[in-house]
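Colleague: These are the residues of each chain, in order.
2 protein chains.
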Amino acid sequence: MKSPIIFLLAVCFSLFFIPAKLKADDGYKLWLNYQKLDNPELVKGYVNQLQYLIFQAESPTLKLAKAELLKGYQALLDHSPLDTNHLMLGAVLIGTPKSLRMLNESILQTDLHSINSDGFVIKRLTIHNIPTTVIAANTDIGVLYGVFRFLSLLQTRRPIQDVYIVDSPAIKHRILNHWDNLDRSVERGYAGQSLWDWHKLPDYIDQRYIDYARANASIGINGTVLTNVNANALTLTPTYLKKAAALAAIFRPYGIKVYLTARFSAPIEIGGLKTADPHDKDVINWWKDKTAEIYKVIPDFGGFLVKANSEGQPGPQNYGRSHADGANVLAAALKPFGGIVMWRAFVYDDKVPDDRAKQAYSEFTPLDGLFEDNVILQVKNGPIDFQPREPFHPLFGAMPKTPLMMEFQLTQEYLGFATHLVYLGTLFQETLRSDTYSKGPHSWVRKVIDGSLDKHSLTAMAGVANIGTDRNWTGHPFGQSNWYAYGKLAWNPASDATEIAKDWIQMTFTNDRDFLQDVKMLMMHSREAVVNYMTPLGLHHLMGWDHHYGPGPWIKDKARVDWTSVYYHKADEKGIGFNRTSSGSNALGQYAPTVRQYYENLKTCPTTYLLWFHHLPWNYKVNEDTTLWDALCYQYEQGVQDVKNMQLIWRKQENKIDVERFEQVNNLLAIQYKEAKWWRDACLSYFQSKSGLKFPAGVIAPPQPLAYYENLTFHYVPGI
Amino acid sequence: MKSPIIFLLAVCFSLFFIPAKLKADDGYKLWLNYQKLDNPELVKGYVNQLQYLIFQAESPTLKLAKAELLKGYQALLDHSPLDTNHLMLGAVLIGTPKSLRMLNESILQTDLHSINSDGFVIKRLTIHNIPTTVIAANTDIGVLYGVFRFLSLLQTRRPIQDVYIVDSPAIKHRILNHWDNLDRSVERGYAGQSLWDWHKLPDYIDQRYIDYARANASIGINGTVLTNVNANALTLTPTYLKKAAALAAIFRPYGIKVYLTARFSAPIEIGGLKTADPHDKDVINWWKDKTAEIYKVIPDFGGFLVKANSEGQPGPQNYGRSHADGANVLAAALKPFGGIVMWRAFVYDDKVPDDRAKQAYSEFTPLDGLFEDNVILQVKNGPIDFQPREPFHPLFGAMPKTPLMMEFQLTQEYLGFATHLVYLGTLFQETLRSDTYSKGPHSWVRKVIDGSLDKHSLTAMAGVANIGTDRNWTGHPFGQSNWYAYGKLAWNPASDATEIAKDWIQMTFTNDRDFLQDVKMLMMHSREAVVNYMTPLGLHHLMGWDHHYGPGPWIKDKARVDWTSVYYHKADEKGIGFNRTSSGSNALGQYAPTVRQYYENLKTCPTTYLLWFHHLPWNYKVNEDTTLWDALCYQYEQGVQDVKNMQLIWRKQENKIDVERFEQVNNLLAIQYKEAKWWRDACLSYFQSKSGLKFPAGVIAPPQPLAYYENLTFHYVPGI
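Chain order of the listed sequences is E and A. Under our numbering, residues 33 to 752 are what the first sequence spells out, in order. Under our numbering, residues 33 to 752 are what the second sequence spells out, in order.
The hints are simulated quantities; they were obtained by calculation from the structure and are not laboratory data. Incorrect hints may appear among the rest.
What the hints assert, rightly or not - Chain A side only, calculated, beta carbon under 8 Å to chain E, not exhaustive: (1) 236; (2) 325; (3) 698; (4) 702; (5) 749.
Unchecked claim - With a straight-line cut-off of 20 Å between C-alpha atoms, the simulated EDC-like cross-links for lysine to aspartate or glutamate are: (6) 61(A) with 656(A); (7) 103(E) with 690(A); (8) 68(E) with 58(E); (9) 706(E) with 137(A); (10) 55(A) with 238(E); (11) 103(A) with 238(E).
By construction, the Cβ of each residue, glycine as well, lies at the ideal position given by its N, Cα and C atoms.
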């Protein structure tokens, strides 16, 4: 009972002695935490350059942009620029060629032609001999994006005397997927309830809806799927459409479109039809009518996300039709209105395959070229299911005639829920920068996604949201960094995860140099830590049954073998790992030859994927000095030490930020340390029961017998 | 779709133009909204009197009191008093005779002897010729209560030059009951999830736990039952006890004890016994051991709350034993540690009685005198179930040998959830001031509760909490007033609901005189409004099936007749109402003769209870001019007009408070108006189908046929 008391005293203490800048901060403001800059020199420079504002804001979006700018100036610089219509020293010009005639100057036209409809230009230039700062775009939403970017320059104390940024998003649809149910529970959600209060909608407008839209706009997210992929047909009834329309109206000026999940059997469940066969005329008409009805209340409706014939969801295969048949019915209904279908490729059918990792590829590659042009396939980053580390999904690069979009998971279903500090920027980057070799070297996954590899104009990225009603949105204060990093990488998949982390820290916490240095290091290593203590050396799918909480390498004898752990690690007295080489399931055959050879050859296969692709004997030499068994033990031990180091690094930050968030992270790291040890002890205990080998020096035997870990039971685990 | 857009513009607008005092306020601070006083004269007077602080704060509770005082001074007066050890002009002395030797002066001793252990004295007096302000108590918690009261004097701008308050609570245990489940759902909760994050406890300490304790302490609440009366035996397992202990450690310095609900069958479910028979030795020992185990981790554990043999809960009657047998087993286990049993009298057994209103009295009065002296019976305010209006429960005054405690419901299960503005201070007051006549006139319910009528020293009051994770705690900003009023009335059941409303408005919103006047009126009438549009003239139990959302006067043919609406209103072509006189169920026979006669005689029975006690023909003359049918129609219509007036009054307050709360209440009143019309239309439509009579002038016929209202269906209604 020590920690609560210590925390209480800290809170108590804090009321007296902490300086103003360390006041309690509940994390609600996210990265838009416009803290007053404390460097007078810097402030003076900024203020001088930002004396006057030439910004005619007529549209709702431009009004929001202007309000944001003034709010940011006030908070960061304690300064309110004056409105003017004339060029003068210290003026900032903001707008589109339509909203502000001055922006038609030829010098800016060139820049504006080089950006797309969501892009913007931030530029210091001389107009009529007067040095002027310009934030310009072709559209109102581009201006809002530009304003947010400009404010982030001040938040991160960048020089703006000679600023020249020309930026456009590489991906058209940058979307959050909410696995939110109509009863406000969130599947795999660990940050409270769903933000959407369906019961009180459409009448009651929660302030959070507005703040959610603003946060998303600030990082360029422009779409949100409100409802769970495990869909409820009621979503498409008039009652709920009215509610969704109220949200769409709030999100609209922030440039955010609403999408809904379509349950494939909705024509039966709410339409009164006897079939949902995509070739049935009534079904086709039902989807047409339903779609028209939606556009009546949501004129800029984005489209449907569909999970079909996967994990019990109904789909076209129930009627002997293909995924393309199913997707195309919805696509035809949406097409007149400009909507799209995002069809999930996360499928595994009723028959257990020889290797689940192969199934999506096997099912979808034959359909390449058969989809309507407003269909995009939504593919998870890896072939299994959002594990701490997976190789890139073999579908990337394998369907050149079909637009593919990326699905990342921000909510930490398999990465410690909202209690483990895991920065996912590195995970996202790892996948996006993977080379598919589908058109030779440099056929990176990110080039599949941004459409450049196969010349697709329909491009998208989805992130499964980690957001809920928790005051700080994501439960863990560092969960916010994953929302932020996702937005940044959806805008530009070539972005650098380190730079993203750096900006996020500065915008969210402080510009203190030591804090920045330490915490950046902590974040950048955090994902390796979780891989080490959960699933090192390419292991995967070792988590607890159903709730996915904690370790469960012993899980076996379930309705499907590919829902068990033993199916994936295949550990026995001789060895461990899943042979996906040509002598095994040959899942490697789904990759381009260069990739296949790289992973198939034990000399080149990196240890990070060793047991993903190979089944090896316990005494296999990972390197000259170390057997596989010893390496496995060392990795688990390393994971625990990693978290201990994270704790040490964090504790050094006391007094550099507010007490509230400092203590939150302290509390959470203590849980993470406890659970890292649990993972290590449970997994090593289990694997030792197979290998029968001794623990190497430096690795202490688990304090409890294997049965203890196997028998731990948990009630009411969140997220299911 | 108008409202969201208007709201957006309002928010947008607010960024520019609103004065500082109208900044957004999310309501999190409750009545502890220490806003800077804007009257310089007043501030000067306060500050002069509060220059120095003689306050040696060693204990955790005194430390909290001191921190609170400094926080309040800073926020209200922008002033920090200096610490000193010597009497001087402008000094405030704070403490107990133990913490501060100066308080042993005889002049204060007299006051301190006149208060109990939770009481305090706030007094301006002259010590050694120096005018001095004193906040003194016999205990540390008394000091904390005194400090909160003192700050409330400043919040409400009361003069303090000659302050002299000597105050003690009239009730010993002032308790919140949380109907919170271990999965964080809240039965009949409409303000988000349970505050208790069981999954992350005991390691993660949410700031809200601390703020919850502080808010309760500020109004004298000193106990909290963490778990639902529909209890889960897991609550009493070591895993959950450790979690409850973490909460108890946080609440302890705030003077708040933790209680748990005990599932009567726990000895079987988690104890491995074959019976839960209270006469069984193993069962008796199991409860003894379990209780000792609890006190090991929660040394100041308050005791058990038990719902037994009611609505499917197990209890002693399953073994042919009485409620007293059941309660006494737990009482014996708790007694050595000073714990108490709160045994709920809300029972109705498997056999449907002739009148459910009679059942608790029938079951419990024969047991008077049979309970151990650390058992208290927890009785709901009325004999049915927290209806908008009920007469006081006949048990009050009918069990002189048994301590009885009051159970009020703050969460608005039957009063519009968290979307209707209903101030319950008037409802609570109405019950507490009801005269039972059990020992002649002035045998008020409040004297039963405070122990003075029958000389009981064990006294308690329970309020079923309306609190959840919603940012403003209660969903509706005015729900906070019910938490506040409950605390105030639990401290002093003779308090005046108007005064409580006035203080709450000033502390929560503003001291603006017009706002205070208008909003006080609105609050004071709000409960009559909800009675009018839901259950006028003594009607009751007309709500929707199961979820209790909206009207359902047509509910019939359920497993039990006393779960239907028709059982209670008994409307047919001839008349309406439940005959509880001697010619009917004779429930009135359970009251003292004076009370019985008053309600039985149609000449004296107030119209507010007419149909509660009488079945009358539609053409019965309520007064010279009005038939019962017409009166019923008028009351429903009046209820709708009442809400319209509330809207008008509220809209006048724009710019007097922050935009965020102003708009929230605006939104919610719009829902309330819509739902008031729905209640009126559905109920009148239904009752007309019985009476066959025309609507009187001024009452418009419902816009839809009865079948429309009967067929409305709702999914995922919160609170179940």
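Colleague: Would you mind marking each hint as holding or not holding in the structure?
Modeller: So, going through the hints one by one against the coordinates:
{"no.": "1", "hint": "236", "result": "5 Å, holds"}
{"no.": "2", "hint": "325", "result": "15 Å, violated"}
{"no.": "3", "hint": "698", "result": "10 Å, violated"}
{"no.": "4", "hint": "702", "result": "6 Å, holds"}
{"no.": "5", "hint": "749", "result": "6 Å, holds"}
{"no.": "6", "hint": "61(A) with 656(A)", "result": "51 Å, violated"}
{"no.": "7", "hint": "103(E) with 690(A)", "result": "17 Å, holds"}
{"no.": "8", "hint": "68(E) with 58(E)", "result": "17 Å, holds"}
{"no.": "9", "hint": "706(E) with 137(A)", "result": "54 Å, violated"}
{"no.": "10", "hint": "55(A) with 238(E)", "result": "17 Å, holds"}
{"no.": "11", "hint": "103(A) with 238(E)", "result": "30 Å, violated"}
The structure fails hints 2, 3, 6, 9 and 11 (numbered hints given earlier, in ascending order).
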